[in-house]
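Visitor: Read off the chains here:
Protein chains: 2
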Amino acid sequence: MHEALTGAFTAQGNEKMFVIGERINGMFDDVRKGIENRDKSIIQQVAQKQIKGGADALDINVGTARGQAMDNMLWLVESIQEVTELPLCIDTTKFDVMSEALKACKNSAIINSSKATEEELERYVPLAVENNARLIALTIDKSGVPGDVDSRVEMGAAIVTKAMEHGLDISDLFIDPVILPVNVAPKQPVVVMETLRQLKVLSDPPPKFILGLSNVSQSCKLRSLINRTYLVMALAAGLDGAIMDSMDSALMEAGITAEMLMEKQIYCDDYIAAYLGN
Amino acid sequence: MHEALTGAFTAQGNEKMFVIGERINGMFDDVRKGIENRDKSIIQQVAQKQIKGGADALDINVGTARGQAMDNMLWLVESIQEVTELPLCIDTTKFDVMSEALKACKNSAIINSSKATEEELERYVPLAVENNARLIALTIDKSGVPGDVDSRVEMGAAIVTKAMEHGLDISDLFIDPVILPVNVAPKQPVVVMETLRQLKVLSDPPPKFILGLSNVSQSCKLRSLINRTYLVMALAAGLDGAIMDSMDSALMEAGITAEMLMEKQIYCDDYIAAYLGN
Numbered sequence: 001m002h003e004a005l006t007g008a009f010t011a012q013g014n015e016k017m018f019v020i021g022e023r024i025n026g027m028f029d030d031v032r033k034g035i036e037n038r039d040k041s042i043i044q045q046v047a048q049k050q051i052k053g054g055a056d057a058l059d060i061n062v063g064t065a066r067g068q069a070m071d072n073m074l075w076l077v078e079s080i081q082e083v084t085e086l087p088l089c090i091d092t093t094k095f096d097v098m099s100e101a102l103k104a105c106k107n108s109a110i111i112n113s114s115k116a117t118e119e120e121l122e123r124y125v126p127l128a129v130e131n132n133a134r135l136i137a138l139t140i141d142k143s144g145v146p147g148d149v150d151s152r153v154e155m156g157a158a159i160v161t162k163a164m165e166h167g168l169d170i171s172d173l174f175i176d177p178v179i180l181p182v183n184v185a186p187k188q189p190v191v192v193m194e195t196l197r198q199l200k201v202l203s204d205p206p207p208k209f210i211l212g213l214s215n216v217s218q219s220c221k222l223r224s225l226i227n228r229t230y231l232v233m234a235l236a237a238g239l240d241g242a243i244m245d246s247m248d249s250a251l252m253e254a255g256i257t258a259e260m261l262m263e264k265q266i267y268c269d270d271y272i273a274a275y276l277g278n
Numbered sequence: 001m002h003e004a005l006t007g008a009f010t011a012q013g014n015e016k017m018f019v020i021g022e023r024i025n026g027m028f029d030d031v032r033k034g035i036e037n038r039d040k041s042i043i044q045q046v047a048q049k050q051i052k053g054g055a056d057a058l059d060i061n062v063g064t065a066r067g068q069a070m071d072n073m074l075w076l077v078e079s080i081q082e083v084t085e086l087p088l089c090i091d092t093t094k095f096d097v098m099s100e101a102l103k104a105c106k107n108s109a110i111i112n113s114s115k116a117t118e119e120e121l122e123r124y125v126p127l128a129v130e131n132n133a134r135l136i137a138l139t140i141d142k143s144g145v146p147g148d149v150d151s152r153v154e155m156g157a158a159i160v161t162k163a164m165e166h167g168l169d170i171s172d173l174f175i176d177p178v179i180l181p182v183n184v185a186p187k188q189p190v191v192v193m194e195t196l197r198q199l200k201v202l203s204d205p206p207p208k209f210i211l212g213l214s215n216v217s218q219s220c221k222l223r224s225l226i227n228r229t230y231l232v233m234a235l236a237a238g239l240d241g242a243i244m245d246s247m248d249s250a251l252m253e254a255g256i257t258a259e260m261l262m263e264k265q266i267y268c269d270d271y272i273a274a275y276l277g278n
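First to last, the protein sequences are chains A and B. Quick note: the first sequence, position 83, residue 83 per the working numbering, numbers continuous. Quick note: the second sequence, position 118, residue 118 per the working numbering, numbers continuous.
In short, the hints are calculated from the structure, not lab data. Among the hints, erroneous ones may be present.
[Unchecked claim] One side of the interface only, derived from the structure: several residues of chain B facing chain A at Cβ under 10 angstroms:
#1 181
#2 189
#3 193
#4 234
#5 235
#6 237
#7 261
#8 269
Please read all numbers here as calculations on a predicted model, not as lab measurements. Heads up, the beta-carbon is just placed ideally off N, CA and C, and yes, glycines get one too.
Start from the sequences and build out the full structure, keeping to the hints where you can.
Guide: What follows is the structure, given as structure tokens:
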């Protein structure tokens, strides 16, 4: 038990948490209008603010914007690439949109996402390998998000196996154990932490672990407080990064402080600025 | 491994975190002056502010105040008992002061603290039993605070054994695995979390675990941020409470949110007020 537990705290090495900015999503009004009006400046400003806040990559989701998903996505990719070389995290459930968007990415890309079904993994893992892209795979199957730890761990193991089969470098694999809103699924925050601990020691090297963090506080009040508190707990349980709002400075500071306390960064008076490279 | 890990997240049951307010300490100027001038109103105001902030007990330490430690402590106990019936946590290294202060406590008391040496445990455990008091025992021996997990776990086991020998109810025992300042001992936050996980499954029922939280940020900038981030991490690792500044509302909110995310309290929009009984 000792080794396994210590592993859970330290196996992630000294890499910084990987922050995928969540804000370029057509579910937000400003971004939706930017897409619909083909107004690059809105999109580019949001991108730059997220980068300034500490994003290491940018999620891109057309959301509910009017128009063709394909056109919208390709326009977003093009617009954002004008202002950054950071990895773009292509967030769509449409395989053809994913495939074309990856081709349009000049720099490294991340596929967001594959479910843990045989059918999806057999499409998305090869797509990642072909495009030299990283892959986010969710512990979701045909029945949806499982409520227990064991099913999530089984799916995580299936994802790792499938990645190995197709020659996807495990360091290019992110597993997302899927956090649900705490107001409707109160047991899930602990279930996800436990899943992280168990999956962390499943393979060596382990894949990386990521969460769509904001989902934990969906429809809650005090969203930022809940998000940053859960980020800290999940990082301590082995999380490597999150799709989250890097413009929320209190959230970033909490995550950076957690990492300093886990000795990923040595304390200095300016450890937050040092982390952000400011 | 599964059971042990799950245990670490859930074995503490549904009890609220136990907050021992740290501010009645002669190291703080206002309290020192209050003691030296025998000005009850200062002391009583600090006590009341801590209780309003969410303290479940009040630590009492004469610090560097001029005068006899015995007289100062007995005066503090008397002054504070005029305004609250909360447990008082008598914080002194002097056995005679501890002994007399316990006698002066009208309500339940906590001994803060015994080291994990045979010599101190043989004095303090019986003192706790005789006075029907709870006991905080530190994982410190003659050589000081050990740097590793294993030594802390061994001391924790020795403390539990000694408590059982003398008939101290394990639910009246707090073990403090001793957090050191992160700026001089950067590995210790992880070591203490790991110690918590391992000690949590050592006995059934387990003792309670507590930390002198503010020590983690001694001489650091951003003390409140570091304190609240570590509180959240340590609660997720099995901490049951802390000696901390209950007047720091951001700290209390972080702890309460962590507990809500661990399902010790069901989410409602007013979960913080509900927790505090406001």
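Visitor: Determine for every hint whether it applies to the structure shown.
Guide: Hints and how they fare:
1. 181: holds (9 angstroms)
2. 189: Nearest chain A Cβ about 4 angstroms off; hint holds.
3. 193: Constraint on residue 193 of chain B satisfied, holds at 7 angstroms.
4. 234: With Cβ-Cβ at 9 angstroms, under 10 angstroms, it holds.
5. 235: holds (8 angstroms)
6. 237: At 7 angstroms from the nearest chain A Cβ, residue 237 of chain B passes the 10 angstroms test, so the hint holds.
7. 261: Since chain A brings a Cβ to about 4 angstroms from residue 261 of chain B, closer than 10 angstroms, the hint holds.
8. 269: Status holds, d = 5 angstroms.
Of the numbered hints listed earlier, not one is contradicted by the structure.
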